[in-house]
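Trainee: So the sequence lines, in the order shown, correspond to chains H and Z.
Residues in the first sequence are numbered consecutively from 33, following the working numbering.
Residues in the second sequence are numbered consecutively from 33, following the working numbering.
The reader is advised that the hints may include incorrect statements.
[To be verified] Quick list of in silico lysine to any residue cross-link-like pairs, SDA-like style, CA-CA up to 20 Å:
hint, chain 1, residue 1, chain 2, residue 2
1, Z, LYS88, Z, SER63
2, H, LYS60, Z, ALA59
3, Z, LYS60, H, TYR82
4, Z, LYS154, H, ALA58
5, H, LYS60, H, GLU94
6, Z, LYS215, H, ALA166
7, Z, LYS154, H, ALA132
8, H, LYS215, H, LEU122
9, Z, LYS215, Z, ASP125
10, H, LYS60, Z, LYS60
11, H, LYS215, Z, PHE170
12, H, LYS215, Z, ASP192
13, H, LYS154, Z, ALA138
14, Z, LYS215, H, ALA191
15, Z, LYS60, Z, GLY93
16, H, LYS60, Z, PHE170
17, Z, LYS215, H, ALA151
18, Z, LYS88, Z, ARG152
19, Z, LYS154, Z, THR100
20, Z, LYS36, Z, ALA76
21, H, LYS215, Z, ALA166
22, Z, LYS154, H, ALA138
23, H, LYS60, Z, THR100
24, Z, LYS215, H, GLU172
25, H, LYS97, H, ALA132
[What the hints assert, rightly or not] Chain H is nowhere near these chain Z residues, computed Cβ spacing over 10 Å in every case:
hint, residue
26, LYS60
27, ASP87
28, VAL128
29, ARG157
30, GLU172
Since the hints were made in silico from the structure, they are not lab data.
Glycine is no exception: its CB is placed at the ideal position from the N, C-alpha and C atoms.
Number of protein chains: 2
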Amino acid sequence: MGGKVLTAKGVATRRRIIETAADLVAAKGVSGATLDDILGQSAASRSQFYHYFADKDALIGEVIKLQTERVFAAQAPRLTSFSSMAELRLWRDGIVALSATKKQSAGCPLGAMAYQLSARPKPARANLQASFDAWASFFESGLMRMQASGELDPAADCADLAQCLLAALQGGLLLGLTSGDVKPLVIALDMALHHIAGHVADGRAAW
Amino acid sequence: MGGKVLTAKGVATRRRIIETAADLVAAKGVSGATLDDILGQSAASRSQFYHYFADKDALIGEVIKLQTERVFAAQAPRLTSFSSMAELRLWRDGIVALSATKKQSAGCPLGAMAYQLSARPKPARANLQASFDAWASFFESGLMRMQASGELDPAADCADLAQCLLAALQGGLLLGLTSGDVKPLVIALDMALHHIAGHVADGRAAW
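With the rest of the complex left out, here is chain H (with noise of 0.2 Å):
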């Protein structure tokens, strides 16, 4: 993009084209979607889609960044705003429940994207790990803001207990996706919270 200035409709099939290839890459991966599909599936043609985007890399950093505002999206407001052990509960039940209504098939967007791009280089997972690292950076400042009220033990490590969280939640939804239900996803997240209940501060109802 640099400092390309886009029209309006400019802007439209920029996006139009980043929706149709996030819609291709859950349906197919990131190698199976082609840049032939992603530009018929959109109505785009290849002289357009170079004047939006470098590469096909490129389109899939930008396939990463929506699929994160809707990852964040389906866990507002709990993964931003949580400051007590009981509102990182709801936070968990929100996301069991979401994964129960969902189709099973579906699992983490992002989670399915550490697979396809495992062997590309590392420029390529670039994006994603920004994506990890702002998720676990959520879960980090609301596990803080429970050490600043007192909640959780001054000694605890957030940043570890946030890449718990994370892990957690990954592994339960990789398992749910092969057993087609939410249990694996709700061992695992009562798992990692009853782990960082484990360092309510002393006094403190804890899990």
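On the provided structure of chain H, position chain Z as indicated by the hints.
Mentor: Relative to the frame of chain H, chain Z by itself:
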């Protein structure tokens, strides 16, 4: 295969097709590894293929079985024999060392297939579910041995704790694919071990 009796050469051909398919699925995913690719690289004809396999799904089932054998062999002997917290920690050390030395892009071949098969009908996922079930059963058996020896609280739910181990492992491996290091795996596994250690019977050394 049914009740077909294969010659030694037939067994070798069938095995070669499965091993080639396993490599291609690892590199390109289930849908990216086309039958043409698999036959070309294993120097097998289409009629040979249909002599050994009903269809591509049947072949993928055999790929899952092969990868499962490899995954379990890589964790031997600890996975199948641990009977104490100390031995479970040795299993954890082994997995971490393996993951640190392997190409970072490797992850878990079974975890990779969870997303690849998620949109397929349930029968296509049955072999993968059987593999995850077998994996969890190994954990559960070890945890039950810890219960029998008195190390683990009799009230601990070994089936749930086994799922915790598997979810932490899969989540940590998935996040490590993107970060390119072993840290997410270490944090996730240590959460699971800590969680299990929380069920160690009173009076025993905990985590």
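Trainee: Look at each hint and say if it fits the structure.
Mentor: Each hint tested on the structure:
{"no.": "1", "hint": "Z:LYS88 <-> Z:SER63", "result": "holds (10 Å)"}
{"no.": "2", "hint": "H:LYS60 <-> Z:ALA59", "result": "holds (15 Å)"}
{"no.": "3", "hint": "Z:LYS60 <-> H:TYR82", "result": "violated (26 Å)"}
{"no.": "4", "hint": "Z:LYS154 <-> H:ALA58", "result": "holds (19 Å)"}
{"no.": "5", "hint": "H:LYS60 <-> H:GLU94", "result": "holds (17 Å)"}
{"no.": "6", "hint": "Z:LYS215 <-> H:ALA166", "result": "holds (17 Å)"}
{"no.": "7", "hint": "Z:LYS154 <-> H:ALA132", "result": "holds (17 Å)"}
{"no.": "8", "hint": "H:LYS215 <-> H:LEU122", "result": "holds (17 Å)"}
{"no.": "9", "hint": "Z:LYS215 <-> Z:ASP125", "result": "holds (13 Å)"}
{"no.": "10", "hint": "H:LYS60 <-> Z:LYS60", "result": "holds (12 Å)"}
{"no.": "11", "hint": "H:LYS215 <-> Z:PHE170", "result": "holds (19 Å)"}
{"no.": "12", "hint": "H:LYS215 <-> Z:ASP192", "result": "holds (10 Å)"}
{"no.": "13", "hint": "H:LYS154 <-> Z:ALA138", "result": "holds (14 Å)"}
{"no.": "14", "hint": "Z:LYS215 <-> H:ALA191", "result": "holds (12 Å)"}
{"no.": "15", "hint": "Z:LYS60 <-> Z:GLY93", "result": "holds (17 Å)"}
{"no.": "16", "hint": "H:LYS60 <-> Z:PHE170", "result": "violated (33 Å)"}
{"no.": "17", "hint": "Z:LYS215 <-> H:ALA151", "result": "holds (19 Å)"}
{"no.": "18", "hint": "Z:LYS88 <-> Z:ARG152", "result": "holds (13 Å)"}
{"no.": "19", "hint": "Z:LYS154 <-> Z:THR100", "result": "holds (19 Å)"}
{"no.": "20", "hint": "Z:LYS36 <-> Z:ALA76", "result": "holds (18 Å)"}
{"no.": "21", "hint": "H:LYS215 <-> Z:ALA166", "result": "holds (17 Å)"}
{"no.": "22", "hint": "Z:LYS154 <-> H:ALA138", "result": "holds (14 Å)"}
{"no.": "23", "hint": "H:LYS60 <-> Z:THR100", "result": "violated (24 Å)"}
{"no.": "24", "hint": "Z:LYS215 <-> H:GLU172", "result": "holds (16 Å)"}
{"no.": "25", "hint": "H:LYS97 <-> H:ALA132", "result": "violated (25 Å)"}
{"no.": "26", "hint": "LYS60", "result": "violated (7 Å)"}
{"no.": "27", "hint": "ASP87", "result": "holds (19 Å)"}
{"no.": "28", "hint": "VAL128", "result": "holds (14 Å)"}
{"no.": "29", "hint": "ARG157", "result": "violated (5 Å)"}
{"no.": "30", "hint": "GLU172", "result": "holds (13 Å)"}
The structure fails hints 3, 16, 23, 25, 26, 29 (numbered hints given earlier, in ascending order).
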